[in-house]
Amino acid sequence: MHSALVRLVYYSDFVFLGYFALANLGYTFLMTLSLYSVSLHARYAAGRPFRHLADSPVTPPVSILIAAYNERANILQTVLSLLELDYPEKEIIVVDDGSDDGTLEDLIRQFRLSPMDFIFRERLKTGRPRGIYYNPDYPQLVVVSVAHGGKSRALNVGINLARSPYFCTVDADCLIEREAILRLMAAVVQSHEAVVVSGGIVRIANGCQLRDGRLEKIGLPSSWLELCQIVEYIRTFMFGRPGWNMLNATFIASGAFCVLHKEAVIGAGGFSPDTVTEDIDVIAAVRRFLTEQRQKFRVTFTSDPICWTEAPRSLRMLGRQRRRWQLGMAQTILRNRDMILNRRYGATGMLGIPFHVLIEIVGSVVEAFGTLVLIPLSLLVLGTSWKIFLLFFALAVAYGTLLSMASVVMEEITLRRYPRLKDAMILMLFAVLENIGYRQVVTVYRAWGVLQSVRLRRHGQWEAVKHEGLAVGA
Amino acid sequence: MASVELLLRIVLWTLRGVLAVDLCLVAAILTRRFSRWLYYRRKDEAVRRFGSVIEQLVAGKIKIEQAVASLGDTHSKAAEDAVQWLLLERLNNGGRAEVTETLFRLGFIDDWAAQAFGSRRGRQLIAHIAEGASLAGCGERQFRRLRRLRIFSVRRAQAVTRLGALNAPYARVFLREALMDPSPMVARANIAAMGDNREACGLELLLELLRQVVEGKSELPLHSVKTAVIRSDPWELGPFTSFLKDPDARVRFVLVDAIREIAERSARALTASDFPAPLCRWFLEEGVQDESRDVRARSARVIRHFHSPAASRALSRLLLDEDEFVRLHAVRACADAYYGGLMGELVSRVRDPRWRVREAAVKALAAMGTPGRERLENYFLEASDRYACEQLVEEMQRAGMIAKMLPALGQNTPEAARAESVCGKMVGLGRNALLSEVVLQEGGRFADAVRARLLEILMLAPNPEFLQALHSLGERQDDRLSAKAQSALKKMAGSAPPPAAGNRAAHA
Numbered sequence: 001m002h003s004a005l006v007r008l009v010y011y012s013d014f015v016f017l018g019y020f021a022l023a024n025l026g027y028t029f030l031m032t033l034s035l036y037s038v039s040l041h042a043r044y045a046a047g048r049p050f051r052h053l054a055d056s057p058v059t060p061p062v063s064i065l066i067a068a069y070n071e072r073a074n075i076l077q078t079v080l081s082l083l084e085l086d087y088p089e090k091e092i093i094v095v096d097d098g099s100d101d102g103t104l105e106d107l108i109r110q111f112r113l114s115p116m117d118f119i120f121r122e123r124l125k126t127g128r129p130r131g132i133y134y135n136p137d138y139p140q141l142v143v144v145s146v147a148h149g150g151k152s153r154a155l156n157v158g159i160n161l162a163r164s165p166y167f168c169t170v171d172a173d174c175l176i177e178r179e180a181i182l183r184l185m186a187a188v189v190q191s192h193e194a195v196v197v198s199g200g201i202v203r204i205a206n207g208c209q210l211r212d213g214r215l216e217k218i219g220l221p222s223s224w225l226e227l228c229q230i231v232e233y234i235r236t237f238m239f240g241r242p243g244w245n246m247l248n249a250t251f252i253a254s255g256a257f258c259v260l261h262k263e264a265v266i267g268a269g270g271f272s273p274d275t276v277t278e279d280i281d282v283i284a285a286v287r288r289f290l291t292e293q294r295q296k297f298r299v300t301f302t303s304d305p306i307c308w309t310e311a312p313r314s315l316r317m318l319g320r321q322r323r324r325w326q327l328g329m330a331q332t333i334l335r336n337r338d339m340i341l342n343r344r345y346g347a348t349g350m351l352g353i354p355f356h357v358l359i360e361i362v363g364s365v366v367e368a369f370g371t372l373v374l375i376p377l378s379l380l381v382l383g384t385s386w387k388i389f390l391l392f393f394a395l396a397v398a399y400g401t402l403l404s405m406a407s408v409v410m411e412e413i414t415l416r417r418y419p420r421l422k423d424a425m426i427l428m429l430f431a432v433l434e435n436i437g438y439r440q441v442v443t444v445y446r447a448w449g450v451l452q453s454v455r456l457r458r459h460g461q462w463e464a465v466k467h468e469g470l471a472v473g474a
Numbered sequence: 001m002a003s004v005e006l007l008l009r010i011v012l013w014t015l016r017g018v019l020a021v022d023l024c025l026v027a028a029i030l031t032r033r034f035s036r037w038l039y040y041r042r043k044d045e046a047v048r049r050f051g052s053v054i055e056q057l058v059a060g061k062i063k064i065e066q067a068v069a070s071l072g073d074t075h076s077k078a079a080e081d082a083v084q085w086l087l088l089e090r091l092n093n094g095g096r097a098e099v100t101e102t103l104f105r106l107g108f109i110d111d112w113a114a115q116a117f118g119s120r121r122g123r124q125l126i127a128h129i130a131e132g133a134s135l136a137g138c139g140e141r142q143f144r145r146l147r148r149l150r151i152f153s154v155r156r157a158q159a160v161t162r163l164g165a166l167n168a169p170y171a172r173v174f175l176r177e178a179l180m181d182p183s184p185m186v187a188r189a190n191i192a193a194m195g196d197n198r199e200a201c202g203l204e205l206l207l208e209l210l211r212q213v214v215e216g217k218s219e220l221p222l223h224s225v226k227t228a229v230i231r232s233d234p235w236e237l238g239p240f241t242s243f244l245k246d247p248d249a250r251v252r253f254v255l256v257d258a259i260r261e262i263a264e265r266s267a268r269a270l271t272a273s274d275f276p277a278p279l280c281r282w283f284l285e286e287g288v289q290d291e292s293r294d295v296r297a298r299s300a301r302v303i304r305h306f307h308s309p310a311a312s313r314a315l316s317r318l319l320l321d322e323d324e325f326v327r328l329h330a331v332r333a334c335a336d337a338y339y340g341g342l343m344g345e346l347v348s349r350v351r352d353p354r355w356r357v358r359e360a361a362v363k364a365l366a367a368m369g370t371p372g373r374e375r376l377e378n379y380f381l382e383a384s385d386r387y388a389c390e391q392l393v394e395e396m397q398r399a400g401m402i403a404k405m406l407p408a409l410g411q412n413t414p415e416a417a418r419a420e421s422v423c424g425k426m427v428g429l430g431r432n433a434l435l436s437e438v439v440l441q442e443g444g445r446f447a448d449a450v451r452a453r454l455l456e457i458l459m460l461a462p463n464p465e466f467l468q469a470l471h472s473l474g475e476r477q478d479d480r481l482s483a484k485a486q487s488a489l490k491k492m493a494g495s496a497p498p499p500a501a502g503n504r505a506a507h508a
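Sequence lines, in order, name chains A and B.
Everything in the first sequence is counted per our numbering, starting at 1 for the first residue and increasing by one.
Everything in the second sequence is counted per our numbering, starting at 1 for the first residue and increasing by one.
No wet-lab data here; the hints were simulated from the structure.
Mixed in with the good hints, there may be bad ones.
What the hints assert, rightly or not - In silico DSS-like links for lysine-lysine, alpha-carbon gap of 30 Å or less: (1) Lys296/A x Lys217/B; (2) Lys43/B x Lys217/A; (3) Lys217/A x Lys90/A; (4) Lys77/B x Lys422/A; (5) Lys217/B x Lys262/A; (6) Lys363/B x Lys90/A; (7) Lys422/A x Lys43/B; (8) Lys262/A x Lys363/B; (9) Lys404/B x Lys90/A; (10) Lys125/A x Lys363/B; (11) Lys296/A x Lys262/A.
Stated by the list, open to error - Coverage of chain A stretches by chain B, computed from C-beta distances (three or more under 8 Å per stretch; other residues unrestricted): (12) 113–119; (13) 388–394; (14) 403–412; (15) 419–430.
From a predicted model like this one, the values you see are computed outputs, not experimental measurements.
Here a beta-carbon is modelled for each residue, glycine too, at the ideal position from N, C-alpha and C.
Take the sequences, apply the hints, and build the full model.
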């Protein structure tokens, strides 16, 4: 019995080391591609080639959809920021998903909305809304009230009401930079291929000061948890997605801020309520639909349109969020498992999805298992020296630090959203610290999310992450 | 054991390497911050120093030689960039010839030409411009595949943008040369520069590019070329006429659509005399009967800008087109007070079998001012087509028409009678969300008399939404309408239950 356990632990150690090497090789490859892509784009964008798009009457209109459930803390700032957006033709559709915290009432009061009897064409099956609110003085804004039914249904209601060929999903707790949609749409209109999804960067607004829907002052929060998340977001969006975009293998675009082609989404059946991350799922569905239709298309990611969002402030909320993301990704991959290593789906099928399965899904479980079980067992059963483990742990931390620090430097060179030197140095410090403790905690939450999906445990459609609202300037 | 030690040693060295790189990254941030601070300080200083020189140059107060002598006195990259920036800013704000000459003498144009086309070809182009030297064709460029890569294109694209903004004799040569560049990024920059600098680039060239794009012979994005084309003014559109004879319907469609954009972005109201006469003739005689529905549809949107009796006749014909899409665009084209004579035809389009056309007709009538709105209200009161009526209700609400007519309620005027009829019909259709809300708004923008009258109208066909509002009103202590609401509720309790939603219209 003891010898079997020794052998098991011994071989598991190799699996763990193999995963460690594979994951870091993958990340290094993506880092190299991203470095190239982001720096090039930054140089090109410095010439402000988007101004032509803003002036051109040929630029297609965009409907901006916000699904809001109990978002009273942020919704007004979000809508104000959207009304200020620099885009030639836009409409903003806020779908209140049966909030009970006064979200709808706040919107009605702020924008002096009245209930109206608009025609509702149910192209996606959603049921009729409870009310549609409008004020002719704000002709770009429509607010819809529906009975609580989940974010997917709320977004589908918005699609049914949208009048533009493209729509942009924006989370209710997000602030969009003035030119952000213009930059997202630049990828759509300047491409030779039909771009059906165009995603941008999400940043954390905790610690920033708002006024009238705009970021008045960009700063950093004081809590270590929020600082770690800021570094993590910078790393994800600077050193992950641009790399996948270069390979034309984008599998994920954050639904917090993403432009989609309306007819493609309707053709794919809209946002599905069957997964908890409808944004990941809809991209896979669109990809499947268009591939079956034998249409040429592209899913893109652009590294400078920025959307600011509020990050969880407590470990409990963070855990909820990460579990949900991981569960959603696992559900989407399970639903679309026939895409894995399927040449019909191009680089996404051959590279993007397998990487996500191996490194993001299986990898999170391996990493959590290795950290929580294997290392203690190895020490106890194999009698491995502490020094060896410490050395490998130090190597893992140092490599993670390298990725995070390089991301912060990349941010500094390209977007440079943190003007104070002190903030840049704090981010560098947290690029080291987030690898000790924070990363391990997040890995455990992610592994938990994967295990939930294996157990086919259905979560509520909208596992709410509580927002406290961002600081608003006096 | 030896292999374990070796492994550990490798790990240790890797660790040291990674830590060294980490330290370098920290140093990189510090260095960059400092160098940026220094750079911008010097640049600001240079902007202050040289700004007045450039102002004087453009105002003609100093000669180019004097300006070149002053502006050439730069000792840092930041100062050089500042001079470049100041001069480029001035290129599009008057003084293009003087500024171009200054840039040339300062050597900036040589640098940009070398960046965009290579040193040797750059020198040849400059010699051609400056000395009239003959220019040999550049031949097939080497490394086309490499030159297409973004990594090698950014600098060239930026240089082409700058060269394209120069005075016409310079820019013309550079823009034509840049057309040979295999990179899509450079091509986009080139097209944008062509659109911005119309003196340097004839419309014919852009139209030819547009045709190539539509026919799939060019990789340029259609949006970029179209954006460049539509920077023209309506009176410059003569070259379009020959291109509109293209046998390919897609080419004709894109061209007509570009003309529509040009007309629609014009700041002032246009007439037929603002367009070249042959072009007007083409639209009125051939565009309206083109075999392609897309061309006919877009032609309607151009013809509206002619504001002439012939245009009215052409639009009237298109309003009756057999194709839904053409009718839709013809209806949208009529949304102009000048075409008031077509109101009758527009009202008939409110009964169109296709909802998009009905929707557009309602909007067009609403956009025609008071007479259009009155026709719309009259039609709304007379119509029996439920779908058309629902569309009308939506558009009247979106346009704020309902809210504007409500204050007349309860008075003894023709406006009040019309408002009562409109509200009555809305209630009959079950479209009473807005009206119920008004009844609930005490102390709002509507007087109590208006609310009281509305309450009576809503009682004609009470639906659950209104009943909820009525209960809420009846429970209020301080609302002057609560007694009226309570008595209405009592009256209803004593009578039959309210009809089901489907029967509301009939009930009204």
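Hint check results:
1. Lys296/A x Lys217/B: holds (18 Å)
2. Lys43/B x Lys217/A: holds (25 Å)
3. Lys217/A x Lys90/A: holds (26 Å)
4. Lys77/B x Lys422/A: At roughly 27 Å apart (the allowed maximum being 30 Å), Lys422/A and Lys77/B satisfy the hint.
5. Lys217/B x Lys262/A: holds (29 Å)
6. Lys363/B x Lys90/A: Holds, at roughly 18 Å.
7. Lys422/A x Lys43/B: holds (24 Å)
8. Lys262/A x Lys363/B: holds (24 Å)
9. Lys404/B x Lys90/A: OK: Lys404/B and Lys90/A at ~26 Å, within 30 Å.
10. Lys125/A x Lys363/B: holds (28 Å)
11. Lys296/A x Lys262/A: holds (16 Å)
12. 113–119: holds (count 6)
13. 388–394: The restraint on the stretch 388–394 of chain A holds, since 4 of its residues have a Cβ under 8 Å from chain B and three suffice.
14. 403–412: holds (count 5)
15. 419–430: Check passed, 4 qualifying residues.
Figure legend: structure checked against the earlier numbered hints; every hint is met.
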